[in-house]
Amino acid sequence: GENVEQHPSTLSVQEGDSAVIKCTYSDSASNYFPWYKQELGKGPQLIIDIRSNVGEKKDQRIAVTLNKTAKHFSLHITETQPEDSAVYFCAAGGYQKVTFGTGTKLQVIP
Amino acid sequence: DTAVSQTPKYLVTQMGNDKSIKCEQNLGHDTMYWYKQDSKKFLKIMFSYNNKELIINETVPNRFSPKSPDKAHLNLHINSLELGDSAVYFCASSQQLGGRGGEQYFGPGTRLTVT
Chain F
1 GENVEQHPST LSVQEGDSAV IKCTYSDSAS NYFPWYKQEL GKGPQLIIDI RSNVGEKKDQ
61 RIAVTLNKTA KHFSLHITET QPEDSAVYFC AAGGYQKVTF GTGTKLQVIP
Chain A
111 DTAVSQTPKY LVTQMGNDKS IKCEQNLGHD TMYWYKQDSK KFLKIMFSYN NKELIINETV
171 PNRFSPKSPD KAHLNLHINS LELGDSAVYF CASSQQLGGR GGEQYFGPGT RLTVT
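Each protein sequence line maps, in turn, to chains F and A.
Counting in the working numbering, the first sequence runs without a single skipped number right up to 110 at its last residue.
Counting in the working numbering, the second sequence runs without a single skipped number right up to 225 at its last residue.
So here's chain A without its partners, still in its complex pose (with noise of 0.2 Å):
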């Protein structure tokens, strides 16, 4: 069984449309993240969600919103995408938030390309 997964892996869409990614995970979790790794490698939090409220917006563009209709799922929802969100987006989850929560446990990412 997936700890974290994500879906679609591969996602190819072209600038200005709409796109969502799904992450759900099922160790039982209170916590869930969104991180986005570029083409040097940077690993780049998001945001971040604990009992499904959001605690860390990391000054990311609010054409992406994310939703977490319960603890075991965080959704991407990217309206207008630009060519610079190109990047591979993971999802994780950890016992709680921060230091505290320990080892986070990272889905197997979703490449998106935008063209």
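So that you can see chain F by itself, here it is in the shape it has in the complex (with noise of 0.2 Å):
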């Protein structure tokens, strides 16, 4: 089945800086790659996400990357602010299934 690695576990930034969040995922099959954002006390929620025809999308301070070459996909935040502090998740999907990776915890200092 598919494996989904994500990386830092744990992230801090000066607000203003940029964050950048990778994952890696395993089976060639999937072909859809959202990102969602989890605040303390809530449910994850959609920010971004990519499908595999496509490299690269972005909406406002938030892009997506996307490798299929070597499996891999990235999150890029810039201009942090301390409202981006959450747990971000990446997945990736295939036909029947989307699997969820780690998390990273990302803490943007004021």
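Don't read these hints as lab results, they were simulated from the structure.
Incorrect hints may have been included.
Dumping the calculated DSBU-like pairs for lysine-lysine here, alpha-carbon to alpha-carbon at most 30 Å [stated by the list, open to error]:
no., chain 1, residue 1, chain 2, residue 2
1, F, K58, A, K151
2, F, K22, F, K42
3, F, K105, A, K151
4, A, K150, F, K42
None of these values were measured; they are calculated from a predicted model.
Since each chain comes alone in its own frame, lean on the hints to assemble the complex.
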């Protein structure tokens, strides 16, 4: 089955700096790569997603890149703000299932 | 209107008891899921249902029994609760299964504590 590895597990950045979270997946049949943000006490919420026919997608301060050959994808957050502090999950979606990474706790220091 | 709702939000119970968690979605989605999130924040799928049919059962002990009375509801019943069942349980829904289904909408979670 699919295996998704996510790094780093924790990340601290100064407000205004950029944050990068990286994930690798194992199943070349996976074709959908969402990123979720989980705030304290809440359920995960989708922030951006990308399909395998696209190499990069951007939405304001958030961007995702996908390298299908190397089977890795990354989340980039620019100009970080304190409200970006949360746990972020990558995931890889195949035919029947979406497999989540282990999560990255991002702390943005004011 | 809440898209995916779960009840109860908190559940404290003793070992050996039986408990249920209810989930409802008003998005008209075909697929619903149960996830378990442990203290390390790992999010692990337990079950997925598509049009009321069980599709995925991720080697979950048979003390856990999901039931989908209709496409909008997916309940989770747990028998003979154990300490290791303590976790946050999330219900989620999507339009279709897997990657084709796109965004998953998560409920607010049910924090289960077994003492």
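Would you mind confirming whether the straight-line C-alpha gap from K58/F to K151/A stays at or under 30 Å?
Cα-Cα ~27 Å, so holds.
Is K150/A within 30 Å of K42/F, Cα to Cα?
Holds, at about 15 Å.
Taken at face value, is the distance from the CA of K42/F to the CA of K22/F at most 30 Å?
Measuring from Cα to Cα gives roughly 23 Å; hence the hint holds.
Below or equal to 30 Å on CA atoms is what counts here, so check K105/F against K151/A.
holds (9 Å)
Violated hints: none; the structure is consistent with every hint.
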